[in-house]
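Trainee: Now for the letters of each chain:
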Amino acid sequence: MSLSQVFTRDNPVFAAYAFYASVLVLKMLAMSVLTARQRIKNKVFANPEDAVGLKGKVKFDHPDVERVRRAHLNDLENIPTFLLVAILYVLTNPTPLIAINLFRAFTVARVVHTLVYAVVVVPQPARGLAWGIGYAITIYIAVQNVLFFL
Amino acid sequence: MSLSQVFTRDNPVFAAYAFYASVLVLKMLAMSVLTARQRIKNKVFANPEDAVGLKGKVKFDHPDVERVRRAHLNDLENIPTFLLVAILYVLTNPTPLIAINLFRAFTVARVVHTLVYAVVVVPQPARGLAWGIGYAITIYIAVQNVLFFL
Amino acid sequence: MSLSQVFTRDNPVFAAYAFYASVLVLKMLAMSVLTARQRIKNKVFANPEDAVGLKGKVKFDHPDVERVRRAHLNDLENIPTFLLVAILYVLTNPTPLIAINLFRAFTVARVVHTLVYAVVVVPQPARGLAWGIGYAITIYIAVQNVLFFL
Chain F
-11 MSLSQVFTRD NPVFAAYAFY ASVLVLKMLA MSVLTARQRI KNKVFANPED
39 AVGLKGKVKF DHPDVERVRR AHLNDLENIP TFLLVAILYV LTNPTPLIAI
89 NLFRAFTVAR VVHTLVYAVV VVPQPARGLA WGIGYAITIY IAVQNVLFFL
Chain B
-11 MSLSQVFTRD NPVFAAYAFY ASVLVLKMLA MSVLTARQRI KNKVFANPED
39 AVGLKGKVKF DHPDVERVRR AHLNDLENIP TFLLVAILYV LTNPTPLIAI
89 NLFRAFTVAR VVHTLVYAVV VVPQPARGLA WGIGYAITIY IAVQNVLFFL
Chain X
-11 MSLSQVFTRD NPVFAAYAFY ASVLVLKMLA MSVLTARQRI KNKVFANPED
39 AVGLKGKVKF DHPDVERVRR AHLNDLENIP TFLLVAILYV LTNPTPLIAI
89 NLFRAFTVAR VVHTLVYAVV VVPQPARGLA WGIGYAITIY IAVQNVLFFL
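In order, the protein sequences belong to chains F, B and X. Residues -11 to 138, numbered by my numbering, are exactly what the first sequence covers, in order. Residues -11 to 138, numbered by my numbering, are exactly what the second sequence covers, in order. Residues -11 to 138, numbered by my numbering, are exactly what the third sequence covers, in order.
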């Protein structure tokens, strides 16, 4: 792969990165809709100016709202870090099949994480496994980068 | 645009991205100053070791402090995701005029979001609109990327 | 530095960026382990489905757990923003010695921040200084970018 081609869709590893990165960002954005849905359904808001128009009250401990917010925070802890190390990993000449499947597996794991955490609550270890797969992939990629760029 | 020029300031789309990305990061960093200002003014801190030197107390529910922290968290939810998809969008050969104005509109919307949320509280829908413009732009960009890199 | 070489390990500034970025992401991921350790040690969980298997209870105000979570949130506020502006800074033809040492100093400062905040609590100004060094470096880099890409 010539360097001038590395950031084009002719590079299957980069194209997969760009595709899954955009899907993951859309998935993260969906958390705001899930939170808003819970706030409106339970008439529970974080700001007086929101509560007044929607005939709700200000409350910070509704379990259904807080559950979605924890899922969102978990995304913030795990997805941007993955996206930052994964684009560097594209530059380490990884085996395409491995790289593309790591990006795919991370994306699937994070979608499952959201589903079992914030949409339909599934007993553990469902969420732990989904989180752990994404976590392990990010560590693997970060360590590959450290060894390559050392 | 030759690929070897894509990440230079000779590419107006990339230069706009780099400029607005840096402005957005500076804006995000300003949230720490806004939080510190509210903590010192109200003598309310999150850690005993902070409270002791500044003659304050540990408290987690002061409304003025929590409001700024919510605005900051909203930035964390919306700005890094935008910056990650927007740099990929630069590589999809977007129409320069559209791309540059999307970056500009996102930046203006997020500055307005901070002003009406954490500096001077303005009744809704001011904050909802500012948030919604940034949110819609990020979705538009992510979908363009998905279609381009599929 | 020819543009076609800018994102290779032959460019010492980019190689340093990629190395320290990956180290910083690994450091951020370690926060999840620190949080889990405190949760298990204190038998305090955020979700009923976690508490049930580990014979703990749901509680949101245990000081040792919340301290690690605040350290983690501070990472989320400061590290991704740094990583986003620093990669753009690599493209501004910085003096290699300055750029590499800024990346190194930021990384050391954030590791120290975690140690004095969430591992062994050290009185202020230890944490304030560690935070301030990372904050000042990010501002410096963002301002350099703004001036370069304006």
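Calculated directly from the structure, the hints in this document are not laboratory data. Here a beta-carbon is modelled for each residue, glycine too, at the ideal position from N, C-alpha and C. Be aware that one or more of the hints could be misleading.
[Said to hold, decoys possible] Incomplete in silico selection of chain X near chain F, CB under 8 angstroms:
1. Arg(-3)
2. Asn(-1)
3. Leu14
Trainee: Next, verify each hint and record whether it holds.
Mentor: Each hint, compared with the structure:
Interface restraint check for arginine -3(X): the shortest CB-CB distance to chain F comes to about 5 angstroms, inside 8 angstroms, so the restraint holds. For the restraint placing asparagine -1(X) at the interface with chain F, the shortest Cβ-Cβ distance is roughly 10 angstroms, beyond the 8 angstroms limit, so the hint is violated. Taking 8 angstroms as the C-beta cut-off, the interface hint given for leucine 14(X) holds, the closest approach to chain F being about 5 angstroms.
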